[in-house]
Amino acid sequence: MKKFLIMATLAVCTFALHAQDTKPYEEKMNSIEAQYKVLLNEYQAIKKRSKTSITTEDANKIEEIKAKAERLDSLQKATTLEIVRKFKNTTFPAKYVSDLVYSFDFDEMKEVCDPSSGYYNDKSMELVKKRWESLQLRQPGIKFHELKMADLNGKAVALSDYAGKGKYVLVDFWASWCAPCRMEMPNVVKAYKQFHPKGFEIVGVSFDQKKESWAAAVKSLGMTWPQMSDLKGWQCAAAKTYGITTIPSNILIDPQGKIVKIDLMGEELQKVLSEIYK
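Numbering (mature numbering (1 follows the signal peptide of the UniProt record, and there is no 0)), first residue to last: -19 to -1, 1 to 259.
By construction, these hints were calculated from the structure, which means they are not laboratory data. If a hint is listed, it holds; no wrong ones were tucked in.
Ranges between beta-carbon positions, derived for each pair: (1) Lys179 <-> Val19: 40 to 50 Å; (2) Lys42 <-> Pro178: 33 to 43 Å; (3) Ala15 <-> Gly203: 32 to 42 Å; (4) Val19 <-> Lys146: 42 to 52 Å; (5) Thr33 <-> Ser105: 40 to 50 Å; (6) Pro96 <-> Ile43: 38 to 48 Å; (7) Lys18 <-> Lys259: 35 to 45 Å; (8) Leu53 <-> Lys191: 33 to 43 Å; (9) Glu89 <-> Thr37: 31 to 41 Å; (10) Lys259 <-> Ala59: 26 to 36 Å; (11) Lys76 <-> Thr205: 41 to 51 Å; (12) Lys42 <-> Asp80: 23 to 33 Å; (13) Lys171 <-> Ile35: 14 to 24 Å; (14) Leu108 <-> Thr60: 11 to 21 Å.
With a straight-line cut-off of 25 Å between C-alpha atoms, the simulated DSS-like cross-links for lysine-lysine are: (15) Lys9 <-> Lys49; (16) Lys91 <-> Lys58; (17) Lys47 <-> Lys32; (18) Lys124 <-> Lys91; (19) Lys29 <-> Lys47; (20) Lys47 <-> Lys58; (21) Lys171 <-> Lys47; (22) Lys148 <-> Lys174; (23) Lys69 <-> Lys4; (24) Lys111 <-> Lys76; (25) Lys179 <-> Lys200; (26) Lys49 <-> Lys76; (27) Lys221 <-> Lys191; (28) Lys124 <-> Lys179; (29) Lys18 <-> Lys49; (30) Lys49 <-> Lys252; (31) Lys18 <-> Lys29; (32) Lys148 <-> Lys124; (33) Lys171 <-> Lys239.
Because the structure is a prediction, the values reported are computed rather than measured. The C-beta atom is built at its ideal place from N, Cα and C for all residues, glycine as well.
Let the sequences and hints guide you as you build the complete structure.
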């Protein structure tokens, strides 16, 4: 009985210490979420009053909101990784990891999906595990997987017609109906115009179902690189072959046909290509 009482006392003390340790992190993450809500309300208010046209002042405000949101994104992810490392042997990190399931890059996902952690088997980790499985289908270091589809002219083409032929190739997974894809496309167009003369190639893989919508988007967005699609939407071969669960997404293949980077967006795409073609 004495041994039991000692163990019970230690357990209570450990729980109290754990709760005390986690409280600052809970407060910090709650604060980040509250700031997000404020930014979201400001953004929605601007959009509501600017349905037909937008003033310069509102446009500048939107850019300011986006910049603040990006900083909060970085802070939230950094704090989550800190929680993972400090409370690895507890279930505490599970909620925060699951909230950021689509924010982690490959190496970060590998870290947070450690089977030896105390939170790995928590129920809220189910989606995280599935995401990790899908990322491994396109992990850096492996050879690209073949895709065979039709181009806009109905001609059968293969990814191997471009990849592994001595050039860097960005395989861009997108769709005409995907708003984030359309928002990111000017950045991709910029990269193509800047680096294509140096040997850079892009192959677009559309998740569309209607050829007309696909073709119209290619034209309106200024996508002058090769395209392919089997017009099966989320049931397309690319989704299964590369584990694509969200778009936009992409893989960068080196001249020898190995995947070297995944999901390069915004300035990161420009940064990586600038380093390659410096």
